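Enquirer: Residue numbers (UniProt numbering), protein chains in the order written: chain A, 1 to 228; chain B, 1 to 228.
Just so you know, the hints here were simulated from the structure itself, not pulled from any lab data. It should be emphasised that the depicted structure is a prediction, and the values quoted were computed from it without experimental measurement. Treat the hints with caution; some may be incorrect.
Because identical chains cannot be distinguished in the list, a pair is counted as satisfied if it fits within a single copy or across any two copies.
What the hints assert, rightly or not - With a straight-line cut-off of 25 Å between C-alpha atoms, the simulated SDA-like cross-links for lysine to any residue are:
1) Lys151 with His162
2) Lys151 with Arg140
3) Lys151 with Glu137
4) Lys151 with Val93
5) Lys84 with Asn39
6) Lys84 with Leu23
Spelled out from the first residue to the last, the chains are:
There are 2 protein chains.
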Amino acid sequence: MHEQPLAVALVSGGLDSMVSAALAREAGYRLLALSVDYNQRHRVELAAAGRVAAALGAERHVVMPLDLRAFGGSALTDDIAVPKDGPGEGIPVTYVPARNTIFLSLALGWAEAAGARDIWIGVHSLDYAGYPDCRPEFVRAFERLAEVATKAGVEGRPFQVHAPLMTNTKADNVREAARLGLDLSITWSCYDPAPGDRHCGLCDTCRLRIDGFAEAGVPDPTDYAARP
Amino acid sequence: MHEQPLAVALVSGGLDSMVSAALAREAGYRLLALSVDYNQRHRVELAAAGRVAAALGAERHVVMPLDLRAFGGSALTDDIAVPKDGPGEGIPVTYVPARNTIFLSLALGWAEAAGARDIWIGVHSLDYAGYPDCRPEFVRAFERLAEVATKAGVEGRPFQVHAPLMTNTKADNVREAARLGLDLSITWSCYDPAPGDRHCGLCDTCRLRIDGFAEAGVPDPTDYAARP
Chain A
1 MHEQPLAVAL VSGGLDSMVS AALAREAGYR LLALSVDYNQ RHRVELAAAG
51 RVAAALGAER HVVMPLDLRA FGGSALTDDI AVPKDGPGEG IPVTYVPARN
101 TIFLSLALGW AEAAGARDIW IGVHSLDYAG YPDCRPEFVR AFERLAEVAT
151 KAGVEGRPFQ VHAPLMTNTK ADNVREAARL GLDLSITWSC YDPAPGDRHC
201 GLCDTCRLRI DGFAEAGVPD PTDYAARP
Chain B
1 MHEQPLAVAL VSGGLDSMVS AALAREAGYR LLALSVDYNQ RHRVELAAAG
51 RVAAALGAER HVVMPLDLRA FGGSALTDDI AVPKDGPGEG IPVTYVPARN
101 TIFLSLALGW AEAAGARDIW IGVHSLDYAG YPDCRPEFVR AFERLAEVAT
151 KAGVEGRPFQ VHAPLMTNTK ADNVREAARL GLDLSITWSC YDPAPGDRHC
201 GLCDTCRLRI DGFAEAGVPD PTDYAARP
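Okay, chain A solo, but in the shape it has when bound (with noise of 0.2 Å):
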């Protein structure tokens, strides 16, 4: 019996990520679940994501601490507020300052320690129109550094970073959880979690998640704390 190839999946403990990694399993991948404690102000989501982690049957899931707000430049990481009024022009104050490069260089040290070939990342280009390390451009990009950066690369074991979502909407991608039968209920978007940790209802991504959910005919079994 040949046995089954290990993927390494990023695991924000959203929505789409919990979508990737699934699609990675579909696929035939033994999971292994990264996940950034950065210091995020929505940390509630690492909770999450050790639920997808398990819903999905990683196995291993290992949450990485790193403090970004070493660094700072960031609503997520730093005192500044996140917006609630709705997406603006250009790249949101949301953005962390080259947080995907970051996130897929550990998943990309992690598959090489562990003898994957594949990264699974869960990002979108469509939704998040600002965010630079959302793109096809990046992946791509990402994928030539790997080969030149790793011993397995210069050995002639390249990797492949799978990033199924990329020209997916947020509808798009609740069907596709319905599809795979995925109870979203488990995974965390919201960026400012409103107190008793509820999704606060009007932070850019939960705005995308209620549209994804409304425009996909899937019924939201988020708890919002408003709605905008």
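Chain B: place on chain A using the hints.
Expert: Frame of chain A; chain B shown alone:
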């Protein structure tokens, strides 16, 4: 008066990164010094990094805890013996999967958050032909990645990764340190410290250090526990 630009300098505590950071200072940059506590076997190098950052007048020194033991795969983080019988063929067991990719990603995050456009790293490809992430193609691939990965890059303010020692030998670096008037006695090279925090004298980096001083004709201030 024109303000001097900021640069993030990766400072390991070793000889090479001290020379690299000193060249950044000589080039007119104010320094943000970044070290990573990755639970390396030779964590004593972090004390050296603090001495180096202070000696070079860094405006800030961040020692970022990042426990790469969680991933494994290297003699520097696992219970794998560090070779003592001189350099062998191929990529050494002291290779840490994706280490410099991870370090440069962190430097990139800090640089973008601080408004710096420049990152300095002390890698050189000659002595460690075996480390894929010490080669010019790695540095160039990372610059290309940074351009598409960051808000600054997308907005037309790309990052430059300076690796001024790339084609140097260790002896060249020792000579450069002498020219710059650096006190190399505060630096640390050994991968496998002997009792009392002395350089072991037998691991690959101790051998390179010993030979580098000898070849440069510069007195070696290092206290070695043994000699090859």
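Enquirer: Confirm or reject each hint.
Expert: Consistency of the hints with the structure:
For the homomeric pair lysine 151 and histidine 162, the shortest alpha-carbon distances inside one copy (20 Å) and between copies (22 Å) are both at most 25 Å. Taking the shortest Cα distances, lysine 151 and arginine 140 sit within 25 Å of each other both inside one copy (19 Å) and across copies (17 Å). Taking the shortest alpha-carbon separations for lysine 151 and glutamate 137, both the intra-copy value of 23 Å and the inter-copy value of 14 Å come in at or below 25 Å. In the homo-oligomer, the alpha carbons of lysine 151 and valine 93 lie at most 25 Å apart only across protomers (11 Å), although the nearest pairing inside one protomer, at 37 Å, exceeds that limit.
In this assembly of identical chains, the alpha carbons of lysine 84 and asparagine 39 lie at most 25 Å apart only when taken from the same copy (21 Å versus 40 Å across copies). When the C-alpha separation of lysine 84 and leucine 23 is checked against a cutoff of 25 Å, the pair qualifies neither within a copy, at 32 Å, nor between copies, at 46 Å.
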